[in-house]
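Its first residue numbered 1, the sequence shown is counted upward by one per residue in the working numbering.
Please note that a few of the clues may not be correct.
As the list claims (entries may be wrong) - Cβ-Cβ distance ranges computed for the label pairs, FRET-style:
no., residue 1, residue 2, range
1, Pro36, Lys110, 31 to 37 Å
2, Gly57, Lys102, 57 to 63 Å
3, Trp118, Lys93, 26 to 32 Å
4, Leu35, Leu105, 34 to 40 Å
5, Lys106, Arg47, 43 to 49 Å
6, Ala51, Ala83, 34 to 40 Å
7, Glu54, Ala85, 43 to 49 Å
As the list claims (entries may be wrong) - Pairs of lysine-lysine residues, derived as DSS-like cross-links and limited to a Cα-Cα distance of at most 25 Å, are as follows:
no., residue 1, residue 2
8, Lys109, Lys93
9, Lys110, Lys93
10, Lys93, Lys106
Just so you know, these hints were derived from the structure itself, not from any lab. Source: prediction; values computed, not measured. Backbone N, C-alpha and C fix where the C-beta goes; we use that ideal spot for every residue, glycine too.
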Amino acid sequence: SSSSTSTWAAMGPHPTGLVGPGPVAAPSVDLAEPLPDDCHLKRDLKRDLEAARETLGRDRYVEVCRRLRRSDDLVSAGCLEAAEALAALTMRKEDLRDRDKKELLKAAKKVVRDVLLWRCCGNALGLD
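With the hints as constraints, model all of the structure from the sequences given.
Structure follows, in structure tokens:
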């Protein structure tokens, strides 16, 4: 084992995120603690899942939490991508003198903005 560790170290700089052989910390199985200003749904989610933890059993509880954390990651990524799409539609006024083309761009921005708002609603976990 020590030879594999020294071999790993001797291989030079490693890309970010890679680790050599050895114990790896297990990922958290619980959901993040809700903040005091989080919506009711987010506050209730952790409390209610933990209350059902014994009934669910460890494996099922871990799977539920894993999938919910992944769902949060995906919706956050979706918000970011939609915001970047909206930003990509930005053009300088000097580059867009044709009125008809300006109206087409305006309509495209509106629909992409609506997608962004829809994604943000998914990220909010409800409005109180």
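Now the hints, each set against the structure:
1. Checked against the given bound of 31 to 37 Å, the beta carbons of Pro36 and Lys110, roughly 36 Å apart, stay inside it.
2. Checking the proposed 57 to 63 Å range against Gly57 and Lys102 shows it holds: the Cβ atoms sit about 59 Å from each other.
3. Between Trp118 and Lys93 the C-beta distance comes to about 28 Å, which sits within the given range of 26 to 32 Å.
4. Take Leu35 and Leu105: their Cβ atoms lie about 39 Å apart, and the range 34 to 40 Å holds.
5. Against the hinted window of 43 to 49 Å, the Cβ-Cβ separation of Lys106 and Arg47 comes to about 45 Å, which satisfies the hint.
6. With their beta carbons about 36 Å apart, Ala51 and Ala83 fall inside the hinted range of 34 to 40 Å.
7. With their beta carbons about 44 Å apart, Glu54 and Ala85 fall inside the hinted range of 43 to 49 Å.
8. For the suggested pair Lys109 and Lys93, the alpha carbons sit about 14 Å apart, so the restraint of at most 25 Å is met.
9. Distance check on the hinted pair: Lys110 and Lys93 sit about 17 Å apart at the alpha-carbon level, within 25 Å; holds.
10. Among the hinted pairs, Lys93 with Lys106 is consistent with the structure: their alpha-carbon atoms are about 12 Å apart, no more than 25 Å.
Checked against the numbered hints above, the structure violates none of them.
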